[in-house]
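The listed protein sequences correspond, in order, to chains A and B.
Mapping of the first sequence onto our numbering: position 276 corresponds to residue 276, and the numbering continues sequentially without gaps.
Mapping of the second sequence onto our numbering: position 37 corresponds to residue 37, and the numbering continues sequentially without gaps.
By construction, these hints were calculated from the structure, which means they are not laboratory data.
The model shown is predicted, which means the values in this text are computed figures rather than measured ones.
Treat the hints with caution; some may be incorrect.
Said to hold, decoys possible - Pairwise CB distance ranges, derived in the manner of DEER restraints:
1) B:E118 x A:A208: 25 to 35 Å
2) B:E12 x A:T225: 32 to 42 Å
3) B:K211 x A:R115: 24 to 34 Å
4) B:A87 x A:A211: 41 to 51 Å
5) A:Q39 x B:T218: 31 to 41 Å
6) A:G286 x B:K211: 22 to 32 Å
7) A:F196 x B:A113: 41 to 51 Å
8) B:T167 x A:S278: 27 to 37 Å
9) B:L42 x A:G204: 24 to 34 Å
10) B:A70 x A:G287: 24 to 34 Å
11) B:A113 x A:G180: 19 to 29 Å
12) A:T225 x B:K211: 24 to 34 Å
13) A:Q203 x B:T218: 24 to 34 Å
14) B:A87 x A:G99: 53 to 63 Å
To be verified - A few chain B positions that, by computed beta-carbon distances, are all more than 12 Å from chain A:
15) A97
16) P170
17) A173
18) E193
19) E220
20) R235
21) T250
22) A258
23) G259
24) A270
Every residue, glycine too, gets a C-beta built ideally from N, C-alpha and C.
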Amino acid sequence: MTETVPSKAPGGPESPFRHELYPYRGDAQFLSGTLGFIQEALEGGEAVVVAVPSDKTSLLRAELSDEPAVAFVDVTTAGPNPGRLVAAWSAWMKERGEGDRPVRGIGETAWHQARSAAHLSELRYHEWLLNRAFAHSPTWSMLCPYDAADEDQDALRSLSRCHPLIRRDGQYATNEEYLGGNEYAFDVLSAPCDPFQELSFTQGDLAAIRAKVSQCASDAGVSETKLARLAVAVTEIATNSIRHAGGQGTLRTWTQDTTFLCEFRDSGFIADAMAGRSRPDTHQIGGRGLWLAHQLCDLVEIRSTRDQGTTVRLHMDVPR
Amino acid sequence: MRAARALATLDEVELGDHVCWRMDPSATFFADARAYVADGALYGDKLVFVAPARNASGLPRTVPEGLPPASVVLDLPDSANTESVLAAVRREARTAARQGFRSVRVLTERIPATAPGEAEELLAQELKLDEFASESGAIVVCAFRPSLWDAPTLERAACMHPQETGTRAPRPAFRMFSTGTDRWSVDGVIDSECASAFNAALRAAMGHAAKVRLRFDTLEMIDAAGMHALVDAARHLPDRRIHVEGANDTVRLCWELAGYANDGVPVVMAA
């Protein structure tokens, strides 16, 4: 059950950021919903950033000709990890905002191209995090078209929980399925595949961690370029365990299908859900470790609670 | 081009080497260095022994017996003073060249600092000695008794020697050594465990130079703590700049990702 809200209402009960899910079926509905959203923006003097799959880009370009207020971006340039998308959207919208100019985003994820269940789960979490990332951005709003043609109600419901607003028939309304609050209902991490390698580590073990990961990743077929990047990422995550989680942790590595994984467990707690999602400022002293891990790895999963500590999984895709 | 390497024994020293010698706990300093001294005579090198301010037991310094006739003992009033030590060894190197020696072999035993600021002065002196070895082709051997040193201080000092030898001498995580005036090569890995040592080395190198050039050709990796150490060292004193060259793709990518690739940072990271 939804209710219509005023056109300038905030995206969520407390947030000025409008984040709308738009389930559609077929190209005609896609165009009507997105063009209506764009038309609202143009009438209000707002800029629009569009990041949708290439076939949808073609549809919109054909309708909009060369409308200067609308910019198309290629979401694949942000890389394979959904953990990079908040920063990518921030950059795109800041670039188009030109100061205080309001900006709208249209972002459709190619859900059917998700590489794994973990990737799918992190894509959904990214959608939920957008509400936090832009919670204090009154000039930004985002429409997330979702191709509901496959009638997968479970998938739609999962995604619906990440959007405070839902758009239907040209109107947006409060989405009562939205999971507000501070806790996200994460999917449970799958168990490590056998055989896995395990190493307990503490201060002074960073070189041993890198050696272990390098050997296992190399055996799994991770490329030289990715080995070098993984070395930095594991150093950062292990350093966090040593510095902020009682000085020790446990590393596990294994290969699952075409992915090499490194899992770090420690007793620490990451209170900030946005940690590692925003590009660091030149002058900030710390806070770059998770950011680098997100930027250097193909996928990063983080689960952290006060009771159970923190688990960070770094994924590197292996060529088939 | 100088290169970092580990030596099995002091017999393997070459011209331009600057060696961190971690002595065996039971070693007698001069007895264990006898072969090094004797090789100097064999190759036509003049021995320059820099006497420590005090010996390892804290007793007044003593001059070793059995030095070759042409040896020089630098019994300086303040062997912790970098300028006076460097001036003395450079003077001896010039004299040795005039006397027809191939080069000089500098030998010194390092004694842990006790006065405030001596630890930093030690790093500065090691860098200057390294520059001296690089420029003159002299061989410099610095002996350390690990039992006398706290591990972090010894690690910092070791990082400023491109060569190491001795009992259970681990390869330092990184090494920073001279490749010319105010030019330094950095090899190995710089992570959170050695970032403070890297910072200290850079600060020492930048103490008297407005612009320092670093070669990262043989640096495998640098993490966020290491990058911060680099930027912090450049910002430590006003109007200082560090120009990094030869960094690999991953290092340059991390530098950009970390937000340091902009004009407001006094460090330039180039390929």
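**Message:** Of all the hints numbered above, which does this structure not satisfy? Sort the numbers upward.
**Reply:** Of the numbered hints given earlier, those the structure breaks are 3, 5, 8, 9, 10, 11, 16, 17, 18, 19, 20, 21, 22, 23, listed in rising order.
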